[in-house]
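First to last, the sequence lines map onto chains A and B. For the first sequence, the numbering used here gives the first residue as 1, with consecutive numbering after it. For the second sequence, the numbering used here gives the first residue as 1, with consecutive numbering after it.
If you are wondering where the hints come from, they were derived from the structure by calculation, not from laboratory data. Wrong hints could be hidden among the right ones.
Cβ pair distances, simulated, as ranges [as the list claims (entries may be wrong)]:
hint, chain 1, residue 1, chain 2, residue 2, range
1, B, A93, A, N24, 43 to 53 Å
2, B, K218, A, E56, 34 to 44 Å
3, B, K192, A, N44, 48 to 58 Å
4, A, F99, B, N227, 21 to 31 Å
Reference listing, derived: stretches of chain A covered by chain B, where coverage requires no fewer than 3 residues with Cβ under 8 Å from a Cβ of chain B [to be verified]:
hint, region
5, 47-56
6, 111-119
7, 126-138
8, 162-172
All of these numbers come straight from a predicted model, not from anything done at the bench. For each residue, glycine too, the CB sits at the ideal point set by N, CA and C.
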Amino acid sequence: MRIEINQKDKLWLKENYPDLKIVNANPCLIKGRLCFDMFYDKNNKVYFLNPVEDFEPASYRIRDEYEIEILFKKTQFSNLPAVREAGRRIKRTQQIKGFAHSKELHVNENGNACLCPKQAESRILTNGFNLQDFLCLMVTPFFYGQSFYAKNGFWAFGDYGHCEIGLLQYYLEVRRELDEKLIKDTIEALKIYTSWSLSCHEFLKNGEMGWAKPCLCGAKKLFQECHPIAYWSLWLLKQDVKKINLNLQ
Amino acid sequence: MTANEYLENVLRAQQLKQGELDALTEHRSEVEALLREKFGSSPVIKYGGSRAKGTMIKESYDLDIVCYFLSDVEKTLKEIYEETRACLQKKYAIEPKASALRIKIVNAQGLTVDYHVDVIPGKFVVGSKDVFLYLSGTDKERIKTNIKTHIDYVSGSNYKDVIKLLKLWRTRNNLFIKTFVLELLVVELLKKNDSQLSLSGALKYLFKNIQDNIRSLKLVDPANSNNIISDILSDADKLLISNKAGDSVKLLDSQEYDEVEKWKIIFQYPSSIERTTEAPAIIINRQPVGSWCASK
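All chains, please: the whole structure from these sequences, using the hints.
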């Protein structure tokens with residue numbers, strides 16, 4: 001996915017997020033205040049940005065602002081621009097909730113926001129990258145989620161486990177029919193982790209995980225007992241890899 | 001419309017609807033039934049918090065239910081806390097707080113959602129109406145308090161409407177200040193003022209005093225003088241609250257808007273956010289994707 005900003009994006013940004021400014025052209029860096037007003041309709045699974053009417057329950061409508069930076073540079077964990085909070089709001093939530101690490105709030109150790117599982121990126125931005133979709137479909141919901149969690153102590157629209165566990169949870173959640181791109185993207189995302197060479201690769205190739213293998217999350221428990229959903233997802237992925245004759249070498 | 005009429009309208013809009021109140025009553029009955037089934041008729045189970053004090057607002061509310069065991073019960077505070085937790089866990093997901101147990105439920109989509117109910121287990125002090133609450137995850141193991149003193153202190157203060165408005169101001173400005181701290185702050189500051197203040201007058205007086213004094217103010221639990229409530233607030237929180245109160249004072253002193261307009265701005269969301277409402281409304285016909293984390 002190409003990540004770049006065009007004239008149309010610039011105009012849209014100025015009109016819709018006037019407090020976010022492009023401060024560097026190459027690589028593009030956007031800095032400033034992300035102000036949003038969002039309501040998540042949990043019953044109908046839709047959301048509204050800048051809603052014009054009041055909705056119930058009122059607690060699902062959040063108006064908030066964050067100091068953020070968006071750097072147009074891909075990382076090994078994401079093919080999208082890196083988003084980080086420049087203020088200390090998320091750090092504050094981390095302190096209040098007593099979390100040792102910001103990753104419990106979906107912020108990587110390098111400070112970048114984990115907007116979604118890696119293989120979800122191209123499924124969300126179905127038309128490729130453009131700034132409007134990126135801000136409306138990914139960045140704003142991420143910060144809405146942060147504000148909602150800080151207030152309510154749970155994620156309004158759920159969240160995914162760390163690393164491979166989250167990638168596998170997502171695979172299971174969206175897998176409907178055989179989707180070659182999703183299978184390949186999931187495998188590519190899994191390959192980043194050491195568990196790929198230790199467990200997943202072998203399992204997907206030969207169906208051998210070994211009964212005594214510890215869970216991918218790092219806990220000293222059996223994988224299938226510790227994270228049964230991820231285990232079931234990996235098992236399904238193996239069937240799907242076989243069906244599309246994907247060479248895993 | 002006058003400023004006070006506007007503020008009264010804001011208060012009216014913050015009243016919970018009958019359906020919401022009924023749902024809370026139903027939640028209480030359900031929780032009480034579960035506790036009674038396990039512990040029998042001996043614990044005292046009743047409303048605490050803003051429901052009992054009459055300071056609940058629609059935009060931010062939780063129902064506090066206290067479950068106090070009699071002093072002769074042969075259980076330690078920790079056992080009471082853990083047994084209450086285990087009992088509630090049979091039916092709900094529980095998030096343990098310092099002394100309360102927050103109830104959550106898992107909905108049909110598998111998401112954990114808030115039930116707006118906190119259960120506070122405790123044990124009566126021998127020969128007294130005071131109670132000890134267990135403090136999990138802190139240096140102290142217990143704290144002595146008295147819910148009736150708290151309720152009387154707040155509900156008998158005549159400042160309930162001002163408390164509700166200040167709670168709303170806190171919520172809309174995303175300030176971290178626990179409700180009980182805020183209630184004490186209002187009562188402590190207003191009782192120093194002898195004159196009869198209108199709603200707008202009381203709020204303006206509070207904003208000014210919060211701006212000037214919150215960093216040095218010492219708030220003591222009316223039920224236990226060893227419990228310094230103001231210590232709950234960090235210096236960073238105090239600074240933030242003082243700055244926000246200062247913004248409100250500045251606005252109220254300005255000549256730029258008429259009186260009602262000023263209060264509208266104060267009780268709307270932070271002014272910078274207002275600009276986004278000029279942006280077009282967008283309906284996104286999909287569930288937002290949950291966050292992930294790439295770090296182990």
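Do the hints match the structure? See the list:
Taking 43 to 53 Å as the suggested C-beta distance range, the pair B/A93 and A/N24 conforms, at roughly 45 Å. The hinted range of 34 to 44 Å is satisfied by B/K218 and A/E56, whose Cβ atoms lie roughly 40 Å apart. Between B/K192 and A/N44, the C-beta spacing of about 50 Å keeps the proposed range 48 to 58 Å intact. In this structure the hint that A/F99 and B/N227 lie 21 to 31 Å apart at CB holds, the actual value being about 26 Å.
Residues of the region 47-56 of chain A lying with their CB closer than 8 Å to a CB of chain B number 6, which satisfies the three-residue condition for coverage. Restraint check on the region 111-119 of chain A versus chain B: 6 residues with Cβ-Cβ distances below 8 Å, three needed, restraint holds. Check result for the region 126-138 of chain A against chain B: holds, 3 residues qualifying (beta carbon to beta carbon below 8 Å, three or more required). Judged by the Cβ-Cβ criterion of 8 Å, the region 162-172 of chain A is covered by chain B as claimed, because 5 of its residues qualify and three suffice.
Taken one by one, the earlier hints all hold for this structure without exception.
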